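Trainee: Let the hints inform the model, and build the full structure from the sequences given.
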Amino acid sequence: MPTIFTVDPRSGVPLYVQLTEQIKRAIALGMLAPGEQLPTVKALALELTVNPNTVARVYRELERDGVIDTSPGRGSFVRGDVAGSEARRAVADVARAAFEIAVREAKSLGLSREETLELTARTIARWYETETESQ
Amino acid sequence: MSAPLISLHGLTKRYGSFTAVDGVSLDVAAGSICGLLGPNGAGKTTTFKCLLGFAKPSAGTIAIEGAPLSPSTFETLAYVPERASLYDNLTIADHLTLYRRSYKHYDDARAHELLALFSLDPKQKAQRLSKGMRTAAALTLAFSIRPRVLILDEPSSGLDPIHQRHVLDLMIDAAANGAGVLFSSHQVGQVERAADSVAIMKSGKLIVSSVIDDLKSGEKVIEAVFAGPVPDLGDLASDPRVVRIEQNGSMVRAVTRDDSDGVAGRLFALHPKSIRTIDLNLEEIFMNAVSEGTH
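Listed in order, the protein sequences are those of chains A and B.
Quick note, this note's numbering runs 29 ahead of the 1-based positions in the first sequence.
Position 34 of the second sequence, counting from 1, maps to 27 under this note's numbering, and the rest follow consecutively.
Incorrect hints may appear among the rest.
With a straight-line cut-off of 20 Å between C-alpha atoms, the simulated DMTMM-like cross-links for lysine to aspartate or glutamate are [unchecked claim]: (1) A:K136 to B:D254; (2) A:K71 to B:D166; (3) B:K195 to B:E147.
The calculated label-pair distances, taken between Cβ atoms and stated as ranges, are [claimed, not checked]: (4) A:R89 to B:R237: 30 to 40 Å; (5) B:N170 to A:R89: 17 to 27 Å; (6) A:A127 to B:A52: 20 to 30 Å; (7) A:E143 to B:D225: 30 to 40 Å; (8) B:N33 to A:T145: 43 to 53 Å; (9) A:E147 to B:E285: 43 to 53 Å; (10) A:R142 to B:N170: 27 to 37 Å; (11) A:V132 to B:T54: 47 to 57 Å; (12) B:M280 to A:G59: 39 to 49 Å.
Simulated from the structure, these hints should not be mistaken for lab results.
Treat the numbers as computed from the prediction; the structure is a model and nothing was measured.
The beta-carbon is built from N, C-alpha and C at its ideal position, and this holds for glycine as well.
Mentor: Below, the structure is given as structure tokens:
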């Protein structure tokens, strides 16, 4: 697997939360395909220079969320059946949380409902149109 | 769960009327790396001395791999002191020979891998080595015996950033293979990266002992700004989830140790103009703990 994860140990966001989100995102974006094997805990810990127990915790979370399958002796694999939808749902959770923060911030900065709605519409127009044009 | 590889219980060390280590209890499990932080004079090195039998505890118990210290403890335990102790007139190769004769699990191939990793010349005499090279040589010796227990006092002092990273990788590799590691550092970033748990000492006492990610999940700052002066906060300061409250004009900052969302909810009920939650990294948590005292 290529190096597609970057974690920031100096952040106040727990490392296992950062890495769990990134792996889910990688699956949702197809950077990790269904059935693909994840590196061993030791290999990923050494690659990122982070604690192996932290990586093991990430794999346990992913297993619990139904995103990967771990079988003793064989390793961890992206689930073939539900991986897509589970990972999409997980990514939608991340996006919802980010959106929530943005709207809360707008409100606490004193923007009215109408102003926030307008800002949202403008932002959507900007990003979604760019995407259509480039495809 | 098997017995922790390193276990301290109520460890106390007094020198006359001075208590250097005061009732410290700490466990390091197999596969775990514990980072020990604390200001100078907090008792970190004294704790290590007791752990290794160099100082006799005034009270408390110590167990390595579930047993009290004995000569056989040291077959699988590696210790690197802050100032690497090498024989000045011997070369690095001579030191390896000593280790080959003294340690059952000495691994010569591993030792030479590590020499290459740290760019050390085995023909160099110890007295010719720079401070960083001495540290690197001591680390090479320590990891060459394939230890199950590692006790490292400031293991990267004098090393350049690349070699510092190698030290973290060596600890991570050892832990992934089932070793237990206890290391002290003044560089919070190293602990944050390599360790899964942190112990913070101050004035001989252990004031924080926790899984780092759990600390980060619990310790947050909630910052609320009100339109006018801060309203009556009620008993918020005595909420068990709150470490302390700071007020400044129309702004309140609540430092939480747990359930920051719940505390934010209490502040939100007072109708602030704005409210936000700020994540704290280990350095900030460390500074808070050391300036605060016990929690």
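Trainee: Confirm or reject each hint.
Mentor: To see whether the hints hold, each was checked on the structure:
1. A:K136 to B:D254: holds, 18 Å
2. A:K71 to B:D166: Holds, because 7 Å separates the two Cα atoms, which is no more than 20 Å.
3. B:K195 to B:E147: holds, 17 Å
4. A:R89 to B:R237: 30 to 40 Å: holds, 34 Å
5. B:N170 to A:R89: 17 to 27 Å: holds, 20 Å
6. A:A127 to B:A52: 20 to 30 Å: Violated - the Cβ-Cβ distance for A127 of chain A and A52 of chain B, about 52 Å, lies outside 20 to 30 Å.
7. A:E143 to B:D225: 30 to 40 Å: Roughly 33 Å apart at Cβ, these two residues keep to the hinted range, so it holds.
8. B:N33 to A:T145: 43 to 53 Å: Hint holds: Cβ distance 51 Å, inside 43 to 53 Å.
9. A:E147 to B:E285: 43 to 53 Å: holds, 45 Å
10. A:R142 to B:N170: 27 to 37 Å: violated, 57 Å
11. A:V132 to B:T54: 47 to 57 Å: Once the Cβ atoms are compared, 55 Å apart, the range 47 to 57 Å for T54 of chain B and V132 of chain A holds.
12. B:M280 to A:G59: 39 to 49 Å: Roughly 42 Å apart at Cβ, these two residues keep to the hinted range, so it holds.
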